[in-house]
Amino acid sequence: MKTFNFIGFAVLVLGLVPMLTACGIGGLGEPKVPYYIESYNMDGTKLIANGVSNQNDPNTYTQNQYTLKSGQRLLIRFENLSNHVESIKNSWDNELHLRLVPTSNTDAETLKGSIRLCPITKNWMMLATWYKAHPFNKQGNWNNPGGDYDAASCIKGEVELPDGTNPDASPSPSPSPSPGTPGDLIARPKPTPTPHGYTPSTYKGKDEAVIDVPSVIFDIKQWFQSNPEGRSVNYGFILISENPVDIFGDKSDAYSPRIYWKKPKAYYRAGGGGGIYRK
Amino acid sequence: MNSKSVRHHVERMNPLLKAFLLPLALILASIIALMITASSDVWAGTTNVGNGDDGADLEGSVPLDSGPIVEARKKAVDRLVKLDVEGIPGLGKLIPEVRRTPLFISKRDIPADEANGGSRYHSDMSGMLFASTFTEPNAPTTFYPAAKTLNEDQLIALHIHEALHRALPPSVAEDENIVSQITVAITSPESSNDRIKAKVLKLMPELDSPRMTFSPADAMMTAEKYPVPEDAKVKRPSILGYSYKVFNNPQSAQDSSISPLTSMQTIQSFLYPFGSDKNPIGIGIELSFLNRVDGTSQMGPLNLSTRMRLWSSRGFDVGAWAVASLNTLSAEEMKNTPYGRDVLSGGLSMQKDLQHFYVENLLGLTSQGKANQQIGTIPYTYDYGSVVNATVRAGAKLGMFRLGGFGELFLADYYRINGGAFQFDSGRYEITSGGPEFTLEGNSWSVGIYGRFILNSTKDANFDYLGNVMGQGVGQGSIGGTVAIKL
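Chains as they are written, first to last, in this note's numbering: chain A, 0 to 278; chain B, 76 to 562.
No lab work stands behind these hints, which were simulated from the structure alone.
Beta carbons: idealized from backbone N, C-alpha and C, even for Gly.
Just so you know, not all the hints are guaranteed correct.
[Stated by the list, open to error] Calculated pairs, DSSO-like style, for lysine-lysine (alpha carbon to alpha carbon, straight line, at most 27 Å):
#: 1; chain 1: B; residue 1: K410; chain 2: B; residue 2: K445
#: 2; chain 1: A; residue 1: K121; chain 2: B; residue 2: K445
#: 3; chain 1: B; residue 1: K561; chain 2: B; residue 2: K472
#: 4; chain 1: A; residue 1: K262; chain 2: A; residue 2: K155
#: 5; chain 1: A; residue 1: K250; chain 2: A; residue 2: K121
#: 6; chain 1: B; residue 1: K561; chain 2: B; residue 2: K445
#: 7; chain 1: A; residue 1: K121; chain 2: A; residue 2: K137
#: 8; chain 1: B; residue 1: K150; chain 2: A; residue 2: K250
#: 9; chain 1: B; residue 1: K534; chain 2: A; residue 2: K137
#: 10; chain 1: A; residue 1: K262; chain 2: A; residue 2: K88
#: 11; chain 1: A; residue 1: K137; chain 2: B; residue 2: K561
#: 12; chain 1: A; residue 1: K121; chain 2: B; residue 2: K534
#: 13; chain 1: B; residue 1: K534; chain 2: B; residue 2: K445
#: 14; chain 1: A; residue 1: K88; chain 2: A; residue 2: K137
#: 15; chain 1: B; residue 1: K472; chain 2: B; residue 2: K157
[Claimed, not checked] Covered stretches of chain A, as calculated for chain B (at least 3 residues, CB under 8 Å):
#: 16; region: 95-109
#: 17; region: 150-162
#: 18; region: 210-218
Use the sequences and the hints to build the structure in full.
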């Protein structure tokens with residue numbers, strides 16, 4: 000008769016419990032907000048205006064605010080995005096957003112209705128003008144004065160209120176676990192009932208920026224997957240508005256044009272079999 | 076140094092005056108001669124400007140740059156060239172001696188000294204001295220106010236006569252009789268190469284020997300078959316100058332340059348205190364002031380350079396140069412531009428100066444370098460590859476006018492810009508440029524205007540790609556002018 004191997008069972012239990020705990024399974028402490036917000040200023044910000052040919056005009060960069068209108072557009076780019084591609088690929092929900100904050104002269108709804116965010120299709124630099132992406136040769140000329148962009152990929156934004164809600168969004172889904180997406184290694188629960196998840200409580204991220212005014216959020220995940228991730232190309236965006244609107248500029252601390260994604264807390268891959276979250 | 080001068084005096088002065096003045100002049104001249112001798116010894120060169128015996132002939136002397144005496148020298152050279160005296164034994168150095176002797180004019184007449192043997196070439200009927208020199212190569216010639224009474228033919232004869240004292244072999248250089256006879260043979264209306272040669276060989280039969288040995292001076296005479304013209308730069312390389320350059324720097328919408336510079340002013344000082352007359356070595360300093368598009372001016376790079384004439388062969392001068400263009404003195408605004416880099420250049424030059432033509436070839440190499448520019452929050456780095464350039468400069472010399480031009484080719488490794496997500500790499504490229512040069516050259520000054528334009532380039536390159544403000548400038552080229560004093 001085969002006897003019960005008590006010692007073997009004990010070893011098995013003692014081995015499994017820490018593993019399950021580490022995996023967040025077993026009710027030993029699943030984090031309420033298992034990510035923090037990674038946010039960066041769009042440091043490459045250059046205003047281009049019809050008629051302005053001075054490439055190094057100090058009024059076209061590092062400003063507190065910019066006015067966008069017909070004949071005046073803004074080039075924006077997070078210059079070091081290539082250093083964060085892996086991080087964004089493994090972001091919580093695989094989301095990537097860009098936020099613009101209107102000044103007191105422009106309300107968020109007007110900004111949302113007026114402005115388009117379009118992917119640029121030619122590399123540019125801070126000496127760009129309405130006519131040139133860069134001044135170093137004829138290839139630096141925009142094919143179309145005012146900037147070359149993919150018009151079919153232009154997107155509109157959504158308003159986000161200071162409490163993190165979207166006034167135009169449908170009722171929030173229940174906080175039940177969502178199915179995994181292709182980029183996920185395991186199914187992860189949706190954390191909050193807000194459209195984007197950038198609630199004030201979750202702003203305790205890298206720069207702890209708190210937006211206390213309505214702003215406009217753009218979903219740039221598709222652009223990211225097609226360009227920085229898919230082709231290692233980061234030409235950034237051009238902001239186009241035919242109606243005059245004012246937005247805070249790159250010199251503004253909290254309200255500057257920023258890029259956001261959710262970074263899982265202490266995420267790592269286990270040897271080939273999947274990933275686990277640590278609190 | 077041989078201090079024996081050839082002087083010719085006829086009339087004696089007032090004994091009382093002579094009793095006081097001549098000893099005083101002798102003392103002064105001795106002091107001056109000692110100083111000059113000492114300074115000459117320091118540089119180990121045979122410096123011949125100075126006084127001979129009593130020094131009275133150089134009292135109050137000033138350099139002679141123009142006038143009938145200078146014009147007569149040119150005609151004397153022309154006559155000697157026409158007679159081809161270079162091929163006559165013993166006269167190989169005569170043309171260079173006429174050409175290059177520094178000319179001085181004394182402020183007062185002095186009497187000739189009969190004790191040294193009078194000559195009709197040196198003094199007038201009243202016994203006042205026309206000219207004096209030393210019996211050694213390259214010695215200066217001093218003219219006296221009495222010489223202003225001579226006509227052109229007499230001045231030509233005087234130039235030749237004085238030069239013969241320096242050009243003939245030492246054994247006969249002080250023989251006034253021989254020198255005078257050769258002077259007559261050269262300057263007489265019916266003179267010819269054969270007659271001069273016959274006269275020389277008659278007076279100096281030892282020169283007719285095929286086994287005659289040449290002294291070092293004679294060997295040098297042979298090397299002077301291609302003499303450097305009197306107005307060649309190597310003769311007086313030191314200058315103090317000012318230049319103004321306007322950049323062709325388009326700022327239009329479609330065709331704009333990255334340069335914020337519109338023009339540049341430079342103060343130049345090139346001094347050649349080292350080396351010898353044939354191989355001068357100089358150091359140059361250039362201070363620059365840059366004018367920007369916004370109307371402001373600021374200090375630009377500081378150029379430190381050294382140049383030297385390495386050797387001369389068959390009439391070609393070969394020199395070497397090196398230039399360091401430093402941004403240590405530049406304003407901060409200039410440092411924060413694509414041009415805020417130190418540039419090191421060096422190369423060789425080959426030059427030939429003829430009487431009515433000049434040509435110069437330059438080969439240069441410019442080091443690679445790097446400049447940084449912060450625009451907004453993005454730091455950009457401009458990397459410049461090494462550049463090889465070849466320049467040909469040629470033109471005509473008509474009197475004091477020099478009209479010519481130049482063409483130059485730049486071959487560069489790369490021009491790269493990196494900053495943030497932006498990258499630009501031109502790859503290898505070339506620029507061909509050229510332009511006119513027009514100069515007025517005086518004996519002690521020069522005024523010129525010039526232009527530099529891009530004739531062709533690959534990769535749409537312009538002078539911005541070279542990043543050398545003090546060298547080729549910026550944008551599409553430049554036009555400018557310069558004023559210089561020859562020291």
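Cross-check of the supplied hints:
1. B:K410 x B:K445: holds (11 Å)
2. A:K121 x B:K445: Distance of about 26 Å is within 27 Å: holds.
3. B:K561 x B:K472: Holds, at roughly 18 Å.
4. A:K262 x A:K155: The hint holds at about 25 Å.
5. A:K250 x A:K121: holds (25 Å)
6. B:K561 x B:K445: violated (36 Å)
7. A:K121 x A:K137: It holds: about 13 Å lies between the C-alpha atoms, which stays within 27 Å.
8. B:K150 x A:K250: violated (77 Å)
9. B:K534 x A:K137: holds (9 Å)
10. A:K262 x A:K88: Judged against 27 Å, a Cα distance of about 10 Å means the pair holds.
11. A:K137 x B:K561: violated (45 Å)
12. A:K121 x B:K534: With Cα atoms ~18 Å apart, K121 of chain A and K534 of chain B stay inside 27 Å; holds.
13. B:K534 x B:K445: holds (20 Å)
14. A:K88 x A:K137: Cα-Cα ~36 Å, so violated.
15. B:K472 x B:K157: holds (20 Å)
16. 95-109: This one is violated; 0 residues, fewer than the three required, reach chain B with a Cβ under 8 Å.
17. 150-162: Result for this restraint: violated, n = 0.
18. 210-218: It is violated, with 0 qualifying residues against the three required.
Hint compliance for this structure: hints 6, 8, 11, 14, 16, 17 and 18 are broken, all remaining hints hold.
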